[in-house]
Amino acid sequence: MRTPSDDPVRPIEKRTPMEFLRPGSWEEALAAKAEHPAAVPIAGGTDVMVEINFDQRRPEHLLDLNRIGDLYEWETEGDEIRLGASVPYTRIMEELRAELPGLALAAHTVGSPQIRNRGGVGGNLGAASPAGDSHPPLLAAGAQVEAASVRGTRLIPAEEFYTGVKRNALAPDELIRAVRIARADGPQQFSKVGTRNAMVIAVCAFSLALHPRTRTVRTGIGSAAPTPVRARAAEDFLTAALDEGGCWESGRPLPPSAARQFAELAAGACNPIDDVRGSARYRRHAVAVMARRTLGWTWDAYRGGERGERCA
Amino acid sequence: MATARTPADLTAGTRGGIGESVLRPDGTLKVTGEFAYASDLWHEDMLWGFTLRSPHAHARILSADVSAALATPGVYAVLTHDDLPAATRYGLEIQDTPVLADGVVRYHGEPVALVAADHPETARRAAARIRIAYEELPVVHDEESATAPGAPLLHPARDDSHAAHVPHPNVVHRQPVVRGDVAAARARAAAVVTGDYEVGMQDQAFLGPESGLAVPAEDGGVDLYIATQWLHADLRQIAPVLGLPEDKVRMTLSGVGGAFGGREDLSMQAHACLLALRTGKPVKMVYNRFESFFGHVHRHPARLHYEHGASSDGRLLYVKARILLDGGAYASSSPAVVGNAASLAVGPYVVDHVDVEALALYTNNPPCGAMRGFGAVQACFAYEAQMDRLADRLGLDPVEFRQRNAMAQGAVMPTGQVVDAPAPVAELLRRVKARPLPPERPWETAGGGPDIRALPGGLSNTTHGEGVVRGVGYAVGIKNVGFSEGFDDYSTARVRLEVTAGQPVATVHTAMAEVGQGGVTVHAQIARTELGVTRVVLQPADTRVGSAGSTSASRQTYVTGGAVRHACRAVREKVLALGRARFGAYHPAWAHAGLLLEGGKVTTDAGEVLAGLAEVLEDEAVDVECEWRHRPTEPFDLRTGRGNGHVQYSFAAHRAVVDVDTELGLVKVVELACAQDVGKAMNPLAVTGQIQGGTTQGLGLAVMEEIVVSADGLVRNPSFTDYLIPTILDTPAIPVDILELADEHAPYGLRGAGEAPTLSATPAVVAAIRAATGLPLGRVPVRPEHLTGT
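From first to last, the protein sequence lines stand for chains B and F. Position one of the first sequence corresponds to residue 99 (my numbering), numbered consecutively onward. Position one of the second sequence corresponds to residue 222 (my numbering), numbered consecutively onward.
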């Protein structure tokens, strides 16, 4: 007999329902997260809902952040943009092109228009996938993640935020309130390789920001290591080369050898894997090409005096 | 003076007839999201079915414990192979596919057990509680492992019609085609090229996943509402599994979200019916996208070895080819795919000396079967690459070389079949070549900054023009239309003409599956043309009427369109007979042959009105159901491949223009121009759409679409995140040039149009990438790794 009988002694198993928490304010949200540290925050739902729909994840509590309006705002604080965790990519593209050109370029490559209307940087950081599109420009811009809990607020530098594959530095009771990103003081670029021309997950990605004020450069690499990483050796090399050559003052073209070395060092910062999206060798190679090209674009923009206003 | 009038002239009198770009009735609904697909079906009190699938590619089932699943509240039934009431296997050509795994699973994702519950989540979770103990078995994954001494036999007790002639029990079917004397031709050849080619496993990637609703009936039968390609083939396979006579299984077509061959085989049809009959409740099953990749067959991946020889003046002397197709765990339509690959292996060229062998393997890879192009796609990729290489070797322009060898009407196929309809191969090539080339550097804007959408990489901002090289490539292909090799490929149509509210109304009833190809639009056009009425009602497709055959092989407009025309003409004769009986005494013209129905009236061929249809019919309805067949075909000889195996041939040519980022290995197809002969464009707008869709599917195979299967037989990318299909930014301008050279054997002279453009798009794109990069590129899809040596 395979059809269940109506045997009254058959044990009734308890179904585990998913509780949907809907805080109306940030304080309520933090309190809920403190009470249910395993609760999964959900904002745009572009990542969490995929996992739930495919039954890859079955949290006991979902913490809905959609009623917290502050998360959807951005503001300028001195030289810094405080970008609410849920500001959708579409608005980053439209409203912050000048202030955050690297992130705006990355936002443009996220999913489809529908996804960009819903998803924001907070979700990307929370998921901490090495392929998240916003990570490289956040690393290159030197962003800080504003993490909050009932215990208080702390700022986590982006490069300390990614701790492993899909793991981040948040404490169980913390939520991402915002990201603080210095307003661009120089040209920034973002490139991402995918095997189609839109709506594609990164095979690998590279972001570069020139910081003329501090005479430094910073980078971010996506999808070419277990976490998003900076190419520190490449940054150090280029910062020194620009400095020694007096390039910031003269604005002279970079020697091709410097661009090549920068590219090689960027590739050297990768620790990629072979997977269905691409080979490790290709990822290294592509990061080098993107590093060389984005350096050319940003340096040309700097020399042209556009100082970060050009972003494509 | 009366002149003979053709059906084309008739459209002048009745609007919305053949040859007009009548809009499809489902178009607006689909674009606005209001169309009801099979996944939208609902029935009060219905249950949800779920399929437990194998996590292994090859394993023995040691035990199955369903007790925990059955104990789950809300679960109504759990079925395994042991619970099947009647036939336990089914199949399109060979009944080798278990309804539920019978002690062995042979591919990753094979159905093992079924659950019906009151909620889809409950069904899914209950299925997760079924305990199956597997013992993994060695995996057969390629020719070497399939035919090695001691190789595991996928189907050791084969008794199908091919079992006797195959070289190894793990070969489903083998078809040679031999003609002339290849050895002698080789000795005369001035140029010889050999090449090895590989085609990855493409998926149909239809947008509406497998779904349907089975409702048990009081008479012990079942009503199945289903998205499929061929209701009657499903019925023929389902009824024995249920242990019911066919008249107790009533099927109605539900909204179909694309097919492309992927709905020819059963998916959840029998499963939903089994659960419905077991529980006595309606059962709905809907696959999600992930499951859909396991729920239908794919395009056969292929390895092809070709040798071409030509004379110094650029004439093809011989072609030798071996086409190895991976059929996966079950036969599906592999034998017919083999027949196509073998008989179309040299392409649309005149070749007197041919030695071809095509075969399909049984392996533990996902089952492969029908997909748009059906064996001709794989061959076309290889022979067109060979034609380019041979032209290069001879120092000839690749289009000129093709034109010198192009077949024309009267040519003889390697099978011995004479091509007795127009075959404008050289003209199609001339047309795509004559078209002006699109502008160079299309990303440059007046404002200075690049428009990255026009560059390789698109929105990903990978180049502003650096490393970008343009390439142009050409290809042409040949596809058969209709079912071949002696298959009785008929269709049935029922047409009724009556007067409703003072107006004549035609009702057309067929079992044709409308899967998006536009058949229902064309059927109404045919009825208007033949019966001279404006109002046509189309009945839902179901099994109350006879079989329409499959919506595949580019055949429905030809065959079911032919059946509708045939039924309409029978109706017309009955109407005229009625008219003669009623009014013949009052006007001598009633006695003439060649009376027409036009504009709701009976007219002479000179246009004189004899009577209105309302007067002729009064309250009588004229109703005809009939079958219609195209001319018969023959099987291919098993040793030589000789035989008039195909009904009709269809031709298309492409010119691809691509920009390749040679440093990153990214491709932007700039333009993909197509010229195709469709015999008669029954609906020019729909034909253009078919050609553009087929072209895009060919582009997808060229540069991105592949199901990746590991050496242990596991599918690695079953999602639209990692199985990529072209977006609008990947889809170039597709200018279409339609020829209408009538085939006198076909209704209205039409030629099946749906598949030919899928063939030549792929090799044209790859030829263009080769031109841009200088790389040999013997495999599709072309990946960035292939273009960058990484």
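Some hints here could point you the wrong way.
[To be verified] Derived, one-sided and incomplete: chain F residues facing chain B with beta-carbon distance under 10 Å:
no., residue
1, L250
2, G254
3, N682
4, Y711
5, E884
6, P1005
7, T1009
[What the hints assert, rightly or not] Covered by chain B, per the in silico footprint, the following chain F stretches (three or more residues, Cβ under 8 Å):
no., region
8, 570–578
9, 667–681
Bear in mind the hints are in silico, worked out from the structure with no lab data behind them. Just so you know, even glycine gets a beta-carbon here, dropped at the ideal spot from N, CA and C.
Consistency of the hints with the structure:
{"no.": "1", "hint": "L250", "in the structure": "20 Å, violated"}
{"no.": "2", "hint": "G254", "in the structure": "13 Å, violated"}
{"no.": "3", "hint": "N682", "in the structure": "5 Å, holds"}
{"no.": "4", "hint": "Y711", "in the structure": "42 Å, violated"}
{"no.": "5", "hint": "E884", "in the structure": "5 Å, holds"}
{"no.": "6", "hint": "P1005", "in the structure": "6 Å, holds"}
{"no.": "7", "hint": "T1009", "in the structure": "6 Å, holds"}
{"no.": "8", "hint": "570–578", "in the structure": "violated (count 0)"}
{"no.": "9", "hint": "667–681", "in the structure": "holds (count 9)"}
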